[in-house]
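2 protein chains.
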Amino acid sequence: MSRIAEIRQNVLKKNDLLAAELRMRFTAAGVTVVNLVSSPGAGKTALLETTLRQLQPRYRVAALVGDLATDRDAQRLKRAASQVEQITTGTVCHLDAAMIAAAIHAWPLETIDFLFVENVGNLVCPASYDVGETMRAVLLSVTEGEDKPLKYPTIFNSADLAVLTKIDLADVVDFDRTAAHRNIHEVAPSLPICEVSTKSGVGMDAWRRRLEALRGAPSVESTGASA
Amino acid sequence: MSRIAEIRQNVLKKNDLLAAELRMRFTAAGVTVVNLVSSPGAGKTALLETTLRQLQPRYRVAALVGDLATDRDAQRLKRAASQVEQITTGTVCHLDAAMIAAAIHAWPLETIDFLFVENVGNLVCPASYDVGETMRAVLLSVTEGEDKPLKYPTIFNSADLAVLTKIDLADVVDFDRTAAHRNIHEVAPSLPICEVSTKSGVGMDAWRRRLEALRGAPSVESTGASA
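If you read the protein sequences in the order shown, they are chains A and B.
In this text, residue positions in the first sequence follow the working numbering: the first is 29, and each later residue adds one.
In this text, residue positions in the second sequence follow the working numbering: the first is 29, and each later residue adds one.
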């Protein structure tokens, strides 16, 4: 093994240990953690903004937002939730467990139901870094092209859910839905897929129900049906 | 300095040396090298495909295409140019000078006028790796949002040109052109910007003229005027 590969492996091993520790703390405190990964501009912040509003006041929500520079996303999300913190990574291409641990250091975890981690926009590096999440969701916007899962397989096959975003633009950009699903399943055979548009609202209820299911909560629909 | 930071700096130093060597070889052989960097799905391959067709047969063109997996882009580009090679990087998030050197090892450089390097889709890592290029062009598609230059400053302030792509979709996605230009110039004050759409053809002539100017060639327009 090359020197670089060896060091990289040690870094990843250390991260895995710290992430496992974090996961135990989150579980013990009853926090459901969702790690959102995608290319820059796939719509992580827009999805998160709508999701935070949808989940409140039923759930207590918080968010950590990663970017190389600026706190724009945190400022934007603060309009939707009070507990939001920006992590600026400088030139680092991903969030890791140590950054998450440092950011939540002073937070009373037992007051949080959902913690969303908006990762640095990058289809490569965040795939390798566990941050102690309950679910990793990879977003793919219809404007990026159906071939992306084949070209960036690791981030898809390490995810628990694929979310096709900006689905309202599908026709305008000639998005081939069948090809996208086929390509996702070629690299991640059993990965569930949902399709959303924060603009039109399509798919947002199904997305929310998936999140609630992570907490074992009954969905609003089934509650309605039994009422 | 931390151990990791130290090693990373050594890697970058080695890459810079190799890139300088490559640049000398390219210059001596008369090859103009254009390094295309962007997010996944910003339209690098589409721009490259159209560009290769536009430049031929006036110029002898070649391309190197980086992806983590698959040779789809190379296959696609081979329809537009004969000398195309795919570099698959596995889990590596960028192309570096050593990969370029290995890929062109057997190529007779003096038979090439333009060599295009399509980097791995990533707005972070490729910024740090010189590949011996004459010009680095960073693409930003209108669907990604105007804030990206502020969030990923390094890739913009290390580029020689910004190309706003998919400009035909600007209205559909409420793209704020003024804000995009302002944000680019906030992180890279004198960076020239061009706007293109491979779909409608808008801006493609101006882009081609910029490429030709790198070789000191008169543009088709000025040739036409003096004829």
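Don't take every hint at face value.
A pair holds if it fits inside one copy or across any two, identical chains being indistinguishable in the list.
[To be verified] Straight-line C-alpha distance at most 16 Å; calculated EDC-like pairs for lysine to aspartate or glutamate: (1) Lys42 <-> Asp196; (2) Lys106 <-> Glu240; (3) Lys106 <-> Glu34; (4) Lys227 <-> Asp199; (5) Lys227 <-> Asp202; (6) Lys227 <-> Asp188; (7) Lys106 <-> Glu77; (8) Lys42 <-> Asp175; (9) Lys41 <-> Asp175.
Read the hints as simulated data drawn from the structure, not as lab findings.
Structure-based check of each hint:
For the identical chains of this complex, Lys42 and Asp196 are neighbours neither inside a copy (41 Å) nor across copies (46 Å), given an alpha-carbon limit of 16 Å. Taking the shortest Cα distances, Lys106 and Glu240 never come within 16 Å of each other, neither inside one copy (22 Å) nor across copies (48 Å). In this assembly of identical chains, Lys106 and Glu34 lie within 16 Å of each other by CA distance neither inside one copy nor across copies; the values are 40 Å within and 37 Å between. Taking CA atoms no more than 16 Å apart as the test, Lys227 paired with Asp199 passes in both settings, with 15 Å inside one copy and 15 Å between copies.
With identical chains, the CA atoms of Lys227 and Asp202 are at most 16 Å apart between copies only, with a shortest distance of 12 Å across copies and 18 Å within one. In the homo-oligomer, the alpha carbons of Lys227 and Asp188 never lie at most 16 Å apart, since the shortest distance is 24 Å inside one protomer and 35 Å across protomers. In this assembly of identical chains, Lys106 and Glu77 lie within 16 Å of each other by CA distance solely inside one copy; the values are 9 Å within and 42 Å between copies. Taking identical chains as interchangeable, the C-alpha atoms of Lys42 and Asp175 are never at most 16 Å apart, the minima being 33 Å within one chain and 33 Å between chains.
Taking CA atoms no more than 16 Å apart as the test, Lys41 paired with Asp175 passes in neither setting, with 31 Å inside one copy and 34 Å between copies.
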